[in-house]
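Chemist: Sequence:
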Amino acid sequence: MENTLLNITGSFDMETRNLISYSLTNIFETDKIRIELLGEIYYKNIKLELHEFAGLYKIYGISLIKNITGMFLIIIFDTKTKELKIFQDITTSYFNLYYTVYGGVFYYSTSLKKVMKLSHVPVTLNNKKIQEFMRNGFILDSNTLVTEINKLEYFSYISVNNTLRICGIDYNDSNNFTKEQVLKNWDSMLRESILRVYSEAGEANITLSSGFDSNYILYTLANYTNSSINAFCIGGEKGINEIPEVTKIAKFYGINLLVDTVMSQDLEYFPDIVWRLEGSLFECGVILQYYLGRLLFQKGNTSILCGESADEIMTFKYHSVNYNQFCNDKQKSVYFSYSDYPFYVTNSIVLKKNSLLLHSFGIHPRYPYKMSEIVEMSKKISDLNDKKEFHKKNCELRFQDSVLDNINSVPGTTHLFSCLNIQTLVKIILYIFRYNSCMKIFNFRDKELIFFNKIVNGLIQNIEENLEDDIERILKYLYICLFNEIFIIKNKVNFFDDVEFNQTLSEFLDKL
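Under full-length UniProt numbering, the first residue of the sequence shown is numbered 1, with each subsequent residue one higher.
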């Protein structure tokens, strides 16, 4: 299947300053400027069309980027100065922007595969960043798992003419409300933002869990629109399964509920997840998002409203990150935990895993809780809302008892132990060992070796929830092995246009 998904892709000859664009996205072009956009841009809380953005950019230049909001990636090519600029929002947008310089040409794309195909740059696995990826599930700075290809990092933009410059940028904080206004009008302001995102999306499709955040979105749509609501929920064969609670909530509202269940089916689709994520990240939630994307695709949906990131933006620490802080943090060799580094975790993992996997199925997610006004509101009352106490209280005042009885703040169905049986886990460990004996990628810790041997020798015969962290680490090893095999070793340009990867996990495990 040919890949016709939304993307920004191009090449820029740094000697001739000739731009060739292959992008499939929103484009505005005159004889003076060419602008490409993935995502949505807002100025003073008003959504901008590209021609409106172009008019403001002509007046304010780069300073405009500091004051617009939304989740976006913008390409600007000045046809007079022959200068190319690439900007992103504070979250780094729905996508990663990959780039490399090879043979005097600057290649860029929201797809790692497209950069590799266009540039034909020889590639190697970035062994220096393996440890960081294993620790955090992502790489914070501009590095990727491919040594020769970088990504646009936080608080940065790209400027290219006859040289490539990576420039730092800070974003101006919104200051539209006082703390008193937020406390008084939290519900109405939150509701208005959700309704605005819904009206822009054009479809009342939502992810629904047994948590407060997605249920507040449902409450808003059910009570303040006349739309037919479609809710989607993924459950697990083992572990926490939210489907029973969600089914009761959906019945109360009288909405259409579509579900799927993660089964212990040996992760045969795992190479396809690696293919779609392109080495950008790994954490337990990718399984759920893969199932969700597949379900939405099967039902013919193209957009969905998600409740992600509410937990993080309602903490004080989320709002403490700026350009200088990021420059310090990216030098650290630490574990970026949800509690201590919510800004990086939500934007590099939570939103990226959703966005990249859903977009790979042709689904555009929208995140109401990431709207700038909600982020500002959350910052203003973060001292009262650190564990979402204020938000939860607001929900409790409005939800009916039959809904509240089924609310559970414990996340469900992202458990990796529910996706595996012991026989497959043994095969995966043996594959990792054999692959590493050939490639010399990992240095296993003694604790890991002891655990691996217990599994292989049958001393552990059942996969239980207490093994979740161990299994996640094993699957990170597997993820890197498969990434190396698919993107570095095979590196076949002729299949880089494929939307999906059709080789199963068993085909890899049985090969060594």
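Do not take every clue at face value.
Distance ranges between label pairs, derived from CB positions [to be verified]:
hint, residue 1, residue 2, range
1, Ile46, Lys299, 42 to 48 Å
2, Glu237, Val499, 25 to 31 Å
3, Lys393, Ile46, 38 to 44 Å
4, Lys440, Lys179, 39 to 45 Å
Derived DSS-like pairs (lysine-lysine); straight-line CA-CA distance at most 25 Å [claimed, not checked]:
hint, residue 1, residue 2
5, Lys117, Lys251
6, Lys332, Lys447
7, Lys47, Lys32
8, Lys82, Lys66
9, Lys332, Lys179
10, Lys117, Lys129
For the record, the hints were derived by calculation from the structure and aren't laboratory data. Don't be surprised by glycine CBs; every beta carbon is placed ideally from N, CA and C.
Chemist: Could you run down the list of hints and mark each one as holding or not?
Modeler: Hint-by-hint comparison with the structure:
1. Ile46 x Lys299: 42 to 48 Å: Violated: the Cβ-Cβ distance is about 32 Å, outside 42 to 48 Å.
2. Glu237 x Val499: 25 to 31 Å: With Cβ atoms ~27 Å apart, the hint holds.
3. Lys393 x Ile46: 38 to 44 Å: Taking Cβ atoms as reference, lysine 393 and isoleucine 46 lie about 31 Å apart, which means the hint is violated.
4. Lys440 x Lys179: 39 to 45 Å: About 56 Å separates the Cβ atoms of lysine 440 and lysine 179, which means 39 to 45 Å is violated.
5. Lys117 x Lys251: violated (49 Å)
6. Lys332 x Lys447: holds (24 Å)
7. Lys47 x Lys32: Holds, at about 23 Å.
8. Lys82 x Lys66: Holds. Lysine 82 to lysine 66 sits at ~23 Å (cutoff 25 Å).
9. Lys332 x Lys179: violated (34 Å)
10. Lys117 x Lys129: holds (23 Å)
In summary, the structure is inconsistent with hints 1, 3, 4, 5 and 9 from the numbered list given earlier, while agreeing with the others.
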